[in-house]
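There are 2 protein chains.
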Amino acid sequence: MVVLPLLCACPLPLSRGIMKPMHAQPLYQRLAEYYRDAIQSGALPPAARMPSVRAMVRTHHVSLSTALQVCRRLEDDGLVEARPRSGYFVRRAAAPRLAPATEPDMRAPADPARYVGIHDRVSNFVARCEQHALSTNFALAAAEPSAYPQHALRQAMSRVLRMNPELLTSRAPPQGALELRTVLARRALDCGIRATAQDILVTHGCIEALNLALRAVSRPGDTIAVESPTYFGLLQILESLGLRALEIPTSPQRGLSVDALELALRTQAGIRAVVVVPNLQNPLGCIMPDEDKQRLLEVCVAHGAALIEDDTYGALADGGPHRAIKHWDRAGDVIYCSSLHKTLAPGMRLGWIMGGRWQARVDMLKFAQSRPNEATGQLAAASYMATKAFDRHLARLRRQLTQQRQWVADAIAREFPAGTRLSLPPGGMLLWVELPGGVSGMAVFEAALGAGIRVAPGAMFSNSGRYDHYLRLSCAEPDSARIEQAVRRLAAIVAALQK
Amino acid sequence: MVVLPLLCACPLPLSRGIMKPMHAQPLYQRLAEYYRDAIQSGALPPAARMPSVRAMVRTHHVSLSTALQVCRRLEDDGLVEARPRSGYFVRRAAAPRLAPATEPDMRAPADPARYVGIHDRVSNFVARCEQHALSTNFALAAAEPSAYPQHALRQAMSRVLRMNPELLTSRAPPQGALELRTVLARRALDCGIRATAQDILVTHGCIEALNLALRAVSRPGDTIAVESPTYFGLLQILESLGLRALEIPTSPQRGLSVDALELALRTQAGIRAVVVVPNLQNPLGCIMPDEDKQRLLEVCVAHGAALIEDDTYGALADGGPHRAIKHWDRAGDVIYCSSLHKTLAPGMRLGWIMGGRWQARVDMLKFAQSRPNEATGQLAAASYMATKAFDRHLARLRRQLTQQRQWVADAIAREFPAGTRLSLPPGGMLLWVELPGGVSGMAVFEAALGAGIRVAPGAMFSNSGRYDHYLRLSCAEPDSARIEQAVRRLAAIVAALQK
Numbered sequence: 001m002v003v004l005p006l007l008c009a010c011p012l013p014l015s016r017g018i019m020k021p022m023h024a025q026p027l028y029q030r031l032a033e034y035y036r037d038a039i040q041s042g043a044l045p046p047a048a049r050m051p052s053v054r055a056m057v058r059t060h061h062v063s064l065s066t067a068l069q070v071c072r073r074l075e076d077d078g079l080v081e082a083r084p085r086s087g088y089f090v091r092r093a094a095a096p097r098l099a100p101a102t103e104p105d106m107r108a109p110a111d112p113a114r115y116v117g118i119h120d121r122v123s124n125f126v127a128r129c130e131q132h133a134l135s136t137n138f139a140l141a142a143a144e145p146s147a148y149p150q151h152a153l154r155q156a157m158s159r160v161l162r163m164n165p166e167l168l169t170s171r172a173p174p175q176g177a178l179e180l181r182t183v184l185a186r187r188a189l190d191c192g193i194r195a196t197a198q199d200i201l202v203t204h205g206c207i208e209a210l211n212l213a214l215r216a217v218s219r220p221g222d223t224i225a226v227e228s229p230t231y232f233g234l235l236q237i238l239e240s241l242g243l244r245a246l247e248i249p250t251s252p253q254r255g256l257s258v259d260a261l262e263l264a265l266r267t268q269a270g271i272r273a274v275v276v277v278p279n280l281q282n283p284l285g286c287i288m289p290d291e292d293k294q295r296l297l298e299v300c301v302a303h304g305a306a307l308i309e310d311d312t313y314g315a316l317a318d319g320g321p322h323r324a325i326k327h328w329d330r331a332g333d334v335i336y337c338s339s340l341h342k343t344l345a346p347g348m349r350l351g352w353i354m355g356g357r358w359q360a361r362v363d364m365l366k367f368a369q370s371r372p373n374e375a376t377g378q379l380a381a382a383s384y385m386a387t388k389a390f391d392r393h394l395a396r397l398r399r400q401l402t403q404q405r406q407w408v409a410d411a412i413a414r415e416f417p418a419g420t421r422l423s424l425p426p427g428g429m430l431l432w433v434e435l436p437g438g439v440s441g442m443a444v445f446e447a448a449l450g451a452g453i454r455v456a457p458g459a460m461f462s463n464s465g466r467y468d469h470y471l472r473l474s475c476a477e478p479d480s481a482r483i484e485q486a487v488r489r490l491a492a493i494v495a496a497l498q499k
Numbered sequence: 001m002v003v004l005p006l007l008c009a010c011p012l013p014l015s016r017g018i019m020k021p022m023h024a025q026p027l028y029q030r031l032a033e034y035y036r037d038a039i040q041s042g043a044l045p046p047a048a049r050m051p052s053v054r055a056m057v058r059t060h061h062v063s064l065s066t067a068l069q070v071c072r073r074l075e076d077d078g079l080v081e082a083r084p085r086s087g088y089f090v091r092r093a094a095a096p097r098l099a100p101a102t103e104p105d106m107r108a109p110a111d112p113a114r115y116v117g118i119h120d121r122v123s124n125f126v127a128r129c130e131q132h133a134l135s136t137n138f139a140l141a142a143a144e145p146s147a148y149p150q151h152a153l154r155q156a157m158s159r160v161l162r163m164n165p166e167l168l169t170s171r172a173p174p175q176g177a178l179e180l181r182t183v184l185a186r187r188a189l190d191c192g193i194r195a196t197a198q199d200i201l202v203t204h205g206c207i208e209a210l211n212l213a214l215r216a217v218s219r220p221g222d223t224i225a226v227e228s229p230t231y232f233g234l235l236q237i238l239e240s241l242g243l244r245a246l247e248i249p250t251s252p253q254r255g256l257s258v259d260a261l262e263l264a265l266r267t268q269a270g271i272r273a274v275v276v277v278p279n280l281q282n283p284l285g286c287i288m289p290d291e292d293k294q295r296l297l298e299v300c301v302a303h304g305a306a307l308i309e310d311d312t313y314g315a316l317a318d319g320g321p322h323r324a325i326k327h328w329d330r331a332g333d334v335i336y337c338s339s340l341h342k343t344l345a346p347g348m349r350l351g352w353i354m355g356g357r358w359q360a361r362v363d364m365l366k367f368a369q370s371r372p373n374e375a376t377g378q379l380a381a382a383s384y385m386a387t388k389a390f391d392r393h394l395a396r397l398r399r400q401l402t403q404q405r406q407w408v409a410d411a412i413a414r415e416f417p418a419g420t421r422l423s424l425p426p427g428g429m430l431l432w433v434e435l436p437g438g439v440s441g442m443a444v445f446e447a448a449l450g451a452g453i454r455v456a457p458g459a460m461f462s463n464s465g466r467y468d469h470y471l472r473l474s475c476a477e478p479d480s481a482r483i484e485q486a487v488r489r490l491a492a493i494v495a496a497l498q499k
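Chains as they are written, first to last, in the UniProt record's numbering: chain A, 1 to 499; chain B, 1 to 499.
Please keep in mind that the hints were generated in silico from the structure rather than gathered at the bench.
Among the hints, erroneous ones may be present.
Stated by the list, open to error - Calculated from the model, a selection of chain A residues having no Cβ within reach of chain B, i.e. all distances over 10 Å: (1) Tyr-34; (2) Val-57; (3) Leu-64; (4) Arg-128; (5) Arg-186; (6) Gln-253; (7) Arg-254; (8) Ala-302; (9) Arg-330; (10) Arg-357; (11) Asp-391; (12) Arg-392; (13) Arg-396; (14) Ala-451; (15) Gln-485.
Said to hold, decoys possible - Beta-carbon label-pair distances, calculated as ranges: (16) A:Ser-123 to B:Pro-220: 20 to 30 Å; (17) B:Gly-332 to A:Ser-123: 12 to 22 Å; (18) A:Ser-123 to B:Ala-451: 50 to 60 Å.
All residues carry an ideal CB built from backbone N, CA and C; glycine is no exception.
Can you build the whole structure from these sequences, using the hints too?
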């Protein structure tokens, strides 16, 4: 509270500024700059509470919305952070900067494509987790339930049921509810995709979409190129479909190495498709540069491999969605898969697929595999997504995740032993932590369970054995004190294992 | 109305009977017999309106519930029929009796197992249907929406959402909602299955359950024995999974020929599983005798073939569910699949599977294929199914379908050309009609489309080409006048094609 008097004492220059109608910068930006100076000069020291929004209104004679804009701007710039029911605080001094995650060794010989054996590892992981009480969950890749618009979705669902009395007892619409497909087509424009409702098939989450995509373009025994590391759920799908995985080196900064993929396509037969998560890759969190996305598509087309794009996390990128590879697709060579599971409602299994030139086969496989999704949830989601409330929710969720990611990353930087490496991703909820001195992620996982903490060990994200000294930590926990505590505990476990 | 005075004039013998406390028969039975006599003697002629329930109460000095029991009894005996909002009517004179559907020729050599090619036929069927306006739908195997408890389900859904505010934004429970699995386990007792909630996995309808069952026990290229004719949806699943179908002769009266199956298992290698619908087979409507069910299981076990049982329609058998084959399963050799799609809510994709000794693999495949079903619908269905209202609904639905089946069958018997054959099934909503003189079902299908009538041509139920002179007619239409009119139109089409 030492700083408030200082700030309150100098409203005049700003207030005078407001009166100049031709001032170059908008008012909120000037006010934000004023506070930025105060923070950078130390007038507002790290961890200090910011003046309340109401105090800003009073002090600077500005509107409530301007004061809020100021706080948001400072938050976006990483200078302050919101704490639920407590207001804004100056962020702690930047944590010691961690070295970025190690780049893959591109000279190492590629692993051969092989049938993966991930089921047992995942089953074992789930079984081990269930044997222990849980206090902090760094393993679950979804924000906490209250981070999603529960109330609005419930209301939408009740309204849908009221307005369509026969919904539960009539057959579901083929391909999915037109209302949802229409909204999805409109929102696809945000990542540069021009599509119509007819191009979209609603699925049971992105998982079903990926199953359909793979079944549409490949047969058991075929090889599928995937990122290394990659989401264990994808490896499970490959295993269950009898497909071989060819792991392609993937940079924690730039994503899939298109050079490595091209080499593989040139030198190995039977690579039927490439599955890629170009935006906020799981577990790395990286976003492929646009030129890599374009080149990847060209390479796939040139070698006759289908390109399956998983864009589940894309809408959670800081600043909004990046371009999908599908943006550059002219001839239907990209199968685009996504879901609302991370962005709107983890409890609704709503995904979708644009099958490109395989659309008819994808439609047929969906019909044979599970029939159309039931309509109620689709209509509820569509009615919510058609409003601005969805955009506001996404912006809020992105801000919240940015903060939580930063909290976890800062705590790791402060607490973990030297040698720990980490690239802070530009969005989403996942951190890929490289442990120091070859500490085993499986050993950390096991020891952490005993402390009530769940982490995802690196070994689950590849079949190569290359990532045992990694952890994937999700940043779904909204309580900074709990994060601090759990990360400190994890750090102690890592340190103990290092000896 | 001519008969009412007669009946009203003679209440005394019955009323006196009531006073005898030691009378052997319950009151409602004696009263039902009284009306049976009146109908059989012609005192109540065909198509006459029955005395109203209120009139019965007044005339015979009985309670309302006794009068209702009388009507139900007469209805169950096929003597009267209820018409919505009009009361009970004496059934028309029995239609000319049709010869039962032809039994399969057991001496004919079996077709070889082969990859089916049903997708194109089904796609063509759907596309052709969409090109024509619809007035009567004999192709859809579900009762009309109002035959299901719409209102109660909507209420249950709203209540579930109110009581579980985080349901839509929290992860769905693995294996499905415990509440639903518990109710399903309890209700499985009705068909003789002793199971616990842990034995059950909730799926997206019976279709997903069948996919999982087949994927759990077989690999692409394997052979699966199926009934002939069988549901085209099953043939589609086989085609999409790269499995060969071996069609086993199936009697319209007794179902799958266990002898023919045993011969196939003895003489052909690579038959991995048998898929069978023992209760109300689709399209035949037959129920396998208990001794056949038992022997089928023994034969499968002896030859190491998995037995996949589809019991989707079982609960719609007249008088309630028959025994499932799973009843006799001691070692987990039967995979049991079912759904609520026909019995509770065609708009909710709720099915389930008991995987027997393949349960762990089935669980894994479900996780890899689509993740657990979302919880809202499951909890709503569970809360409704836990009450007696569900039993009352099932009884009502069975009565309604019995009547609708009879209406369609009677109309066929009256209107179709001589030589038409049909076995009236003991439940469900499907009739398998054998056309006279080798008339093509595809030709009838095409001509009927132009008249706004949809039927399912026999060719869709097999890959053998044996059933082109059949139609599957569903009895979902609740308006007897519309049925009469549509069947007459169909009959004219058949007659014209016969020339």
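A quick look at each hint next to the structure:
1. Every C-beta of chain B lies more than 10 Å from that of Tyr-34 (chain A), the closest at about 38 Å, which supports listing it as non-interface.
2. At roughly 33 Å, the least C-beta separation between Val-57 (chain A) and chain B is larger than 10 Å, which holds for a residue marked as non-interface.
3. Distance to chain B confirms Leu-64 (chain A) as a non-interface residue, since its nearest Cβ pair spans about 29 Å, more than 10 Å.
4. At roughly 15 Å from the closest C-beta of chain B, the C-beta of Arg-128 (chain A) stays outside 10 Å, upholding its exclusion from the interface.
5. Distance check for Arg-186 (chain A) against chain B: the nearest CB is about 22 Å away, which clears 10 Å, and the non-interface claim stands.
6. The claim that Gln-253 (chain A) is not at the interface with chain B holds, since no C-beta of that chain comes within 10 Å of its own (minimum 30 Å).
7. Listed as outside the interface, Arg-254 (chain A) is consistent with that label: its C-beta sits roughly 29 Å from the nearest C-beta of chain B, beyond the 10 Å cut-off.
8. No beta-carbon of chain B comes within 10 Å of the beta-carbon of Ala-302 (chain A); the shortest separation is about 29 Å.
9. The Cβ of Arg-330 (chain A) lies farther than 10 Å from every Cβ of chain B, with a closest approach of about 27 Å, so its non-interface assignment holds.
10. Under the 10 Å C-beta cut-off, the non-interface status given to Arg-357 (chain A) relative to chain B holds; the minimum distance is some 17 Å.
11. Once the 10 Å rule is applied to beta carbons, Asp-391 (chain A) is consistent with being away from chain B; the minimum gap is 18 Å.
12. Non-interface status of Arg-392 (chain A) relative to chain B is upheld: no Cβ of that chain comes within 10 Å, the nearest being about 16 Å off.
13. Listed as a non-interface residue, Arg-396 (chain A) keeps its Cβ farther than 10 Å from every Cβ of chain B; the least gap is roughly 14 Å.
14. The non-interface label for Ala-451 (chain A) is consistent with chain B: the shortest C-beta to C-beta separation is roughly 22 Å, beyond 10 Å.
15. With 10 Å as the threshold on Cβ separation, the claim that Gln-485 (chain A) sits away from chain B holds: the shortest Cβ distance comes to roughly 24 Å.
16. For the pair Ser-123 (chain A) and Pro-220 (chain B), the supplied restraint of 20 to 30 Å holds, since their beta-carbon distance comes to about 24 Å.
17. Between Gly-332 (chain B) and Ser-123 (chain A) the CB atoms are about 19 Å apart, so this pair conforms to the stated range of 12 to 22 Å.
18. Between Ser-123 (chain A) and Ala-451 (chain B) the CB atoms are about 56 Å apart, so this pair conforms to the stated range of 50 to 60 Å.
When held up to the earlier numbered hints, the structure conflicts with none and fits them all.
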